[in-house]
Structures are given as C-alpha cells and as structure tokens.
Amino acid sequence: MVVAEKQTLGFQAEVKQLLQLMIHSLYSNKEIFLRELISNASDAADKLRFEAINNNALFENDGDLKIKVTFDKAARTITISDNGIGMSREEAIEHLGTIAKSGTKEFFSRLSGDQQKDAALIGQFGVGFYSAFIVADRITVDSRRAGLPADQGVRWESGGEGDFSVESIDKASRGTDITLHLREGEDEFLSVWKLKSVIRKYSDHISLSILMQKEEWDEEKKETVVKDEFETVNQASALWSRSKSDITPEQYEEFYKHVSHDFEAPLAYTHNRVEGRSEYTQLLYIPTRAPFDLWDRNKRGGIKLYVKRVFIMDDAEQLMPVYLRFVKGVIDSADLPLNVSREILQESRDVKVIREGSTKRVLGLLEELANNDEQEQKDKYATFWTEFGQVLKEGIGEDQGNKERIAKLLRFASTHNDSDAQTVSFADYIGRMKEGQDKIFYVTADNYAAAKNSPHLEIFRKKGVEVLLLTDRVDEWMLSFLQDVDGKELASVAKGDLDLGKLEDEAEKKQHEETESQYKELVEKMKTALSDKAKDVRVTFRLTDSPACLVADEHELSGNLLRMLKAAGQNAPESKPILEINPDHALVQRLKYEEAKFNDWAHILFDQATLAEGGNLADPAGFVKRLNEMLLGMAGK
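Final position of the sequence shown in our numbering is 637; the numbers increase by one with none missing.
Since the hints were made in silico from the structure, they are not lab data.
All C-beta atoms, glycine included, are put in the ideal place defined by N, C-alpha and C.
Any given hint might turn out to be false.
Dumping the calculated SDA-like pairs for lysine to any residue here, alpha-carbon to alpha-carbon at most 20 Å [what the hints assert, rightly or not]:
#1 Lys47 with Glu90
#2 Lys502 with Lys576
#3 Lys576 with Asp553
#4 Lys592 with Lys502
#5 Lys201 with Pro266
#6 Lys352 with Thr383
#7 Lys73 with Val225
#8 Lys196 with Ala238
#9 Lys576 with Leu611
#10 Lys434 with Lys352
#11 Lys535 with Glu574
#12 Lys495 with Glu521
#13 Lys535 with Val588
#14 Lys201 with Ser237
#15 Lys439 with Lys509
#16 Lys380 with Val424
#17 Lys227 with Ala75
#18 Lys403 with Ala370
#19 Lys360 with Glu404
#20 Lys495 with Asp553
#21 Lys360 with Glu376
#22 Lys452 with Glu466
#23 Lys194 with Asp170
#24 Lys527 with Lys439
#25 Lys452 with Glu435
#26 Lys214 with Glu229
#27 Lys509 with Ala534
#28 Lys352 with Thr415
#29 Lys434 with Ala449
#30 Lys201 with Glu279
Pairwise CB distance ranges (calculated) [what the hints assert, rightly or not]:
#31 Asp532 with Asp428: 19 to 27 Å
#32 Asn616 with Tyr448: 15 to 23 Å
#33 Met630 with Lys520: 22 to 30 Å
#34 Leu632 with Asp497: 22 to 30 Å
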C-alpha cells in the first residue's frame, strides 16, 4: 500500500550535530560536496548491477548506467541524477535521516570545538550526502527503487535544521535526483566550467559516464549558452584497469577518497596486475588515519570486489585477513563468476590465491616503508605504526605463514630510548645485544610509566642490557604465539628464575649461592607468614634499589595478563605469585632481626611489591594500618 500523505520527521540527534559542525568546519573546502554526491551515485549504480545479476528486470530496459549533473541559474539549483538502484520510502528515511555507523559515539566525544581539528575528524568519519548542506540551504531528493512501480517514488526534503519531510510521488524512471537549492553567495557553482573542473579534479576516475550539458558561444547574443545536448566530462573508465603510467598521483588519491569516503590522502598504495593461474588486478591503499570502528573486528568494508569490472560487493572480508582490516581498495578478478556468493568466496581456491597474494602485497608495501632510509618514508611508517600497529600485531597469532614477516615490522618502546615512542624493531634490539646475551628481554605493563619504572628492570639497567617495554593490550596475547625471533628466545623479566646466562660471571654466581644460604631461615619464615598470598618466597638478584618484587612462575600467566582478564570480566585462573626479596636492601636486612612485628613487615613488603607492578591490593585498609604502625614504631611512638 502506498503512503501518500506527507510526513515530517526529526533527524537523529547525531545528524543534527554533524550538520552544524560540518557547515562551519568544512566550509573552506566546500566543493567536496559534488565529489561525495557523485560517489554515492556511482555506488548506487554498482548496487543495481549487483542485484540485477540475479534479476535482470531491475534494469527496466535501461542498462546504460550514468550520472547527470545539471544546473538552473534562474532557480539557483544544481541537480545530480543517477539511474542506479534508487530508494524506497523506508530506505530514504533510514539512509538520509540517521547515521548507522560504528564509532559514532566515539567520533562525537573527540570533537574539540576547534574548527580546523574538527574538520580533520569529520573527514575521517565520512559525511557523504550531508556535505551538500555546506552549499545548500534546502535539499530535495526524488527517488524510486528499481523494481517498484512508478507511483512508489519518494520525495525527501530538508533545510538541514532539525527535521525533514517525506512524501510519495510518481517517478517514471528509477534512480535518484538530488536537487540542491544554493545558499546566498554560492552562485559560482552555477557554471558549466566550474562544475566540470570540480568533476575532473575529484571524480575523473569514476567508471560511469558523468554527463553535463554542452556549452557553446552564441555569436548573436555574444555570450556562452548551455545547450540541451549532453557530453561525458570524465574519463569514464575503471581507474584500476588503466596502466600505472597513465595515472597521476592526484588521481590515485582521489580514487582512494572515493572508495574509502576519507577526506585525507592515503599514506601509501600499491597497484598491480597479477597474471598466472589466477588473473586479477589489485589497487590497495593504507589510510593515514585509523577509522573510528578499527577495533570492531566484525566491521568489514575495506575491499570492494569486482569481477571483470562489474561490482560484486563492498565488504569482501574473504579477500583480506582480519588483522589487515584497515586496508582499503579494489580487487578485480577475471576468473570468478559474476553471480559469486559469500559461500562461494569462502570455498573458492581462486579467492584463497587472491587473498594470499593481496596479503603479501600489503606486507611488501609496509616493508618498503619500514626499511626505507629516507626520512619521509620513515615518518610515514611511524605514522602507520601509531595508527595501526596494535592491529598488525594480531597477525602474529592469525597468520602463521607470514609470522616472520610481520615480526620484522613490529615496533616497541624500550629502555634504550627516553620516550614512549614505539620505534625499536627486533633487528634494532638484536643489533645492540650485549656480548654473551642470547635472549630478547621484555616487560609487560598497563602503561609506559609502569613498564619503565618496573623494579624488574633494575639489574638490567645496572648491566646496561636493553629491555623492550610492552604496554599494548594485545601484547600479552601476541607473545603467546611469538617465542623467538631470528633464533633469539623472548624472555619476560618478570617470569621464572632470572637467567642472565653469560651476562653473569662465576664470581657473581658463587656470591649469590652464599647469600641464598645466609637468608634461608628468613625465607622459610616469610613463606609461613605469607602462605595465603605467595606461592613461594626466594632471594633475588634482579633488584638493586627495591626491597622486593613479584614474579610469575615460568609457565603461568603474568600478573599483567591476569589483571587484564579480570578487568574484562573473564575467568582468570587462580594463581599465587612468587615474592622475591632483595638481600642488599635495608628493609630486608632489618626484617632478618625482627620478631614482634615480623608478620606485619612481611605483608607490607608483599603489598608494596604488588603496588609496584600496578596490581590492586586485596586489603588496602590492612596495608595502611600496618604501614602506619610501622612508621609510628620507627618514630618511637
């Protein structure tokens, strides 16, 4: 049943906020509205082609897909028309009245009120249709979905304030006509020359023909007149199918903005035609900034799949592994069937070959950036790592075939540097290893400050041994799949017995044995006092300044991982840490002769060690009470 009456509906709250921000923040780059609307029109044509594979009637005897851009100087309007899939009444309300986008909440929380900074954020978020309100104070959209009768067209209209109206109309042709009623002062766009220049600048790569009316000089009127004849103003060929030598860097950038709906230029890209058992073309981009939904592993949409230049789907997750979900671009296969389904994609040998080849191509592109000595390329890789490094680390566990390549791309903070910048590679670390050192040492913590100040680092600082500081949440998971690099074992400085190997001489080992013997009685006494908290108590030589520290047994979860699991509501296995005491510290030496308050002192040492590694105390009030009593006793009160 057709709903004939006109309805006025309110915009989603986020749409209202975005409109106000966008009109003010993006005004300096207002011509992008035409790029966004043409890009949407191209997507609509792609969707029609895809749906028509199984239902050719949707073409309605008109298979010549195209986009038209016209203007009316007297009415001060610009109209962008397409004969793509079109929209039903319900789809117009859904698509034009709400932003159903993962990361929306986070996006708005990061807006600062600074127009320049907010413009960059808005560009990352993508604005599409709403960018038209930069130049228009009213927009009218007439549309009919392919396959619906002519009387089920819909008119959507809004002034970009708080609401919009929808009503049913008769529309003979399928597709969408978007008419912009220009704001005062925007008449520069009422010109064939201006519109053509914007189209050629931003949308020359669009594979559909973009048509505009011809303009000719009228000798009698002594002025330029617009004729009723139309001409194609773009190249109208799939950019990825052209030779690389025929494509300018600017065209590559604009195509990226088209497929990604990003306002910022890509960080890097790779364009290749692969021939052999499987033939396909890939044009893949690495963005400069991470999208707001980067951590949603179910949100895919980076790779558009084409078959012989016919669009198939825009979220072909089978073509790129999850840990490379930030990659954008196009893959065009010459071998897959046009009616390929997601089920076929999952089982197809050709798809597996494409996936493997594309994965290696992206990793190769990252290697080129990472290994380049030019400062510009170094800066690009640093930007990539800041934005996507944590996601790339997922590949260590998910892509065993490329684990070694991915490991070489990893970057970390370390005690070698005085900042939290993650710039140290495994190759850097191995190149600086001490003579006799056979392990790559690391410490994990919640944040950089906790890692840098960990008491477990004290002996390593004394001996000048570098330690990697791992603070990303994914690190603990990653380390379960990465036991060694280039034959060098990865060793946590906070797990198991400290084994410095050849970094420790025979005299030191002999002295340690003597000290352990001297403190045997104290250790046994502390084991009894802390039996409910500590799995074991032992003398340590990893500390130089702190009185004690906690370590995990060699094959148990680290304290940091246990805290992360509990914070995430996961069932963490119950395990007690090992308390190691520093025999050279005055507090430990004092404890050797303590009788009356021995248990309290032992518990204070344990609780201090817990706090030092970022843990939470089971009984904070008890700790404070014991500490106060100890301080009063030392003050003679």
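State the violated hints by number, sorted upward, taking the hints as numbered earlier in the document. Of the numbered hints given earlier, those the structure breaks are 2, 4, 6, 10, 12, 21, 23, 24, 25, 27, 28, 29, 30, 31, 34, listed in rising order.
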